[in-house]
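There are 2 protein chains.
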Amino acid sequence: MSATNGTNGQQHPVRSRSASSPYQSVQDYLSNVANFKIIESTLREGEQFANAFFDTETKVKMYGLNPDCAEKSAKALDSFGVDFIELTSPVASEQSFKDCRTICSLGLKAKILTHVRLNMEDAKAAVATGVDGVDLVIGTSSFLREFSHGKSMTYVQKTALEVIEYLKGEGVQVRFSSEDSFRSDLVDLLSLYKAVDTAGVQRVGIADTVGGATPRMVYDLVRTLRGVVQCDIETHFHDDTGCAVANAHAALEAGATHVDTSMLGERNGITPLGAFIARMVVTAPDYVKSKYNLKELKALETLVADAVQINIPFNNPVTGFCAFTHKAGIHAKAILNNPSTYEIINPEDFGLSRYVSISSRITGWNAVKSRVDQLGLKMSDEQVKEVTAKIKQLADIRPLAIDDTDSILRSFHAEQVEGCGSY
Amino acid sequence: MSATNGTNGQQHPVRSRSASSPYQSVQDYLSNVANFKIIESTLREGEQFANAFFDTETKVKMYGLNPDCAEKSAKALDSFGVDFIELTSPVASEQSFKDCRTICSLGLKAKILTHVRLNMEDAKAAVATGVDGVDLVIGTSSFLREFSHGKSMTYVQKTALEVIEYLKGEGVQVRFSSEDSFRSDLVDLLSLYKAVDTAGVQRVGIADTVGGATPRMVYDLVRTLRGVVQCDIETHFHDDTGCAVANAHAALEAGATHVDTSMLGERNGITPLGAFIARMVVTAPDYVKSKYNLKELKALETLVADAVQINIPFNNPVTGFCAFTHKAGIHAKAILNNPSTYEIINPEDFGLSRYVSISSRITGWNAVKSRVDQLGLKMSDEQVKEVTAKIKQLADIRPLAIDDTDSILRSFHAEQVEGCGSY
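Sequences listed follow chains A and B, in order.
Residue numbers for the first sequence follow UniProt numbering, so the first one is 1 and each next one is one higher.
Residue numbers for the second sequence follow UniProt numbering, so the first one is 1 and each next one is one higher.
Hints are computed from structural coordinates only; laboratory data are not their basis.
A few of these clues could be false.
One copy or any two copies: either way a pair holds, since identical chains are not told apart in the list.
Said to hold, decoys possible - With a straight-line cut-off of 16 Å between C-alpha atoms, the simulated EDC-like cross-links for lysine to aspartate or glutamate are:
(1) K151 with D188
(2) K298 with D373
(3) K98 with D396
(4) K390 with E415
(5) K291 with E121
(6) K158 with D28
(7) K390 with E94
(8) K168 with D349
(9) K295 with D381
(10) K295 with D188
(11) K295 with E348
(12) K194 with E170
(13) K295 with D197
(14) K378 with D197
(15) K124 with D28
(16) K37 with D396
(17) K369 with E382
(18) K109 with D83
(19) K369 with D28
(20) K124 with E165
(21) K124 with E170
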């Protein structure tokens, strides 16, 4: 287990990330941080993103990464490892219905779900598509009851039990979720969830529909719910206040079992798949690395971004274009000695590589020395320090690209080291 | 206080956001969520972003928003309201030193800080620039002690006390911060912080340098530190695992007083200014709205993005291009009835506006009706439902732009309502 004890006689034992990280799973009896399931909702929640228009081919491709062959697609999805794929309601439009049928027919290992309003008509349309499970949803906050559907909690519960009974009879999985759970009356919510749990749903869901919850609020609500229902607990967090990843993590700590993710979503989206994976590979490295094919993440995000014509955000965890770039002199030096000093995630796990930038005025000579070595130039430490000063001086005047810096190194080398200067 | 009681005789009292939100400050005795200060570090941490090159003019402009006049710039900064501006170390390069001097000479109300390594030479250079305060930093984790600076905790403490003594003599504020605090030995860290607190620093800082911490870990460490030192507590969270905003919030809940923010940063950055403001305007609306000029946020983010040639991320809280766009039919209907149903942040507070999208197959007839009314077309509900079906049908086939949808509405109106059709 430990790579840091001295029994192997090494003077400077190599610390493995997993042996030395304090960021791993909190082993509370409730915690599911190392045993969660992902409900990937880019094809439902993501359709609510303003730019989103996914045709069936894109939907199929997205989970296949190989448009030529449905069988290969199924394998690629299985190798990425999401547990569930949630699709737009079949009653949204004629094509939505067809999309559900097409994707259900691919024979994926991932379970296919669709997300419908709580009523019998929607439930029947869902069953007709051949999905594995139906995600029922209705607003339970006073806001949504007054301004959206206008129905009482008594009516909601009565309808829920009827629809659940029907769906059970059809042999499909059922999830029952409120919308806007954090602004719903707690007693109403728990009564309703207890009733649907007794009725035999596979999961109840809580949703921070407006994106206002904090990790502490999430922990408290999920912890309470965990004591009330026997079934699984699914969670759905909007990201309006930047807490959607941390909220998902807090929910798992409190005993939630399922997390909804999406690469896009209504307004600024829900827990992003990539950032959530970044969080969980740090919290539960063994579980995440053994279950998900991390090397497909970048291709998956790129496919979605291209489909809706957006850029992957510059500040995305893992896939942002500088996520593994190190620039400050003091960072670069340590990173070259041991990547774990400034990297909690290993880029190689995602098929990516780190880059130590030396083209700035905040670079240091250790980083420059590493580049000099990469270029196969021979310089003394004194010479490296001298050329570092030159780079800083030039970087004060204008931005330098990597090939600018390489040119400076080569010409300095030519002048000072090879003696080909003008003197 | 309450807009929801019935004493004013209204049948449907208007709920104000602040009267009905459960997302506001937790009133623990430790909590500083409604009394925090921002240390804005885009001009230091942000310089570590791989694309960043800020010339002095940009640095000055960034906090002025009016390049013509230093005095107006100072007032614009004051009106935005950041408490501190942190600058790159003056020893990084000759121009960095000059930048510090220039910005110090602007006479801003915000305090100017610079961030230097823990040694006397750097501290002296900092003092020479005329800054209000010096942020000292040194790595305290075994990783950084072994692979970065190679110094013992005894040496670190001795040097800290000497440098602090010098800076106090020069009459500048002092912050002492560890790097990689969460991987540092807790007893070492607390001993060191207790010593520098006794020596009279204004703030101690903890930093999640690798971005691996969770809100629960942050709460625990800050809570412990709060019991050990009398001085203020500053916090700095990298965003590698998507938790930087939630971590800052958790730190404030545990008694931290200052939060470092930046619009850019090393790797994928630290707690972003905009997302943090989004979080805090929900938690502590009165404090945030009275202190910060929220309407300047978008211009500020745009200025930085342009300076380093990046796009504002599509999923940014508040300023992402769809942050206040509503698309799903069930959302759009309720939003039209009462924006608070699906918005926890009021776009008007930021000088922005909401947009209800109707050009998709998941639109609903309530949203279409609202657009019909906006266009001044007269249609019955039945007619709106009929044209909604047409829009959904077309949106199944190809993406629709807003003017496509408007054309459909106008031509339907012309045919069906005005009777100018071919029959």
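Hints and how they fare:
1. K151 with D188: Within. Shortest intra-copy distance 14 Å satisfies the 16 Å Cα cut-off; inter-copy 59 Å does not.
2. K298 with D373: neither (30 Å within a copy, 44 Å between copies)
3. K98 with D396: Cα proximity of K98 and D396: across copies only (11 Å, versus 59 Å in one copy).
4. K390 with E415: Within. Shortest intra-copy distance 13 Å satisfies the 16 Å Cα cut-off; inter-copy 73 Å does not.
5. K291 with E121: Result: close neither inside a copy nor across copies, 37 Å intra and 51 Å inter.
6. K158 with D28: Answer is neither: 37 Å inside a copy and 40 Å across each miss the 16 Å cutoff.
7. K390 with E94: Classified as between: cross-chain Cα gap 11 Å, same-chain 65 Å, threshold 16 Å.
8. K168 with D349: neither (41 Å within a copy, 47 Å between copies)
9. K295 with D381: neither (38 Å within a copy, 51 Å between copies)
10. K295 with D188: neither (44 Å within a copy, 39 Å between copies)
11. K295 with E348: Within one copy only: 8 Å inside, 42 Å across.
12. K194 with E170: neither (22 Å within a copy, 65 Å between copies)
13. K295 with D197: neither (38 Å within a copy, 46 Å between copies)
14. K378 with D197: neither (71 Å within a copy, 47 Å between copies)
15. K124 with D28: neither (41 Å within a copy, 49 Å between copies)
16. K37 with D396: neither (49 Å within a copy, 31 Å between copies)
17. K369 with E382: Answer is within; shortest intra-copy Cα gap is 10 Å, inter-copy 74 Å.
18. K109 with D83: within (8 Å within a copy, 54 Å between copies)
19. K369 with D28: Classified as neither: same-chain Cα gap 46 Å, cross-chain 51 Å, threshold 16 Å.
20. K124 with E165: Within. Shortest intra-copy distance 12 Å satisfies the 16 Å Cα cut-off; inter-copy 76 Å does not.
21. K124 with E170: within (9 Å within a copy, 77 Å between copies)
Violated hints, in rising order: 2, 5, 6, 8, 9, 10, 12, 13, 14, 15, 16, 19; the structure is consistent with all others.
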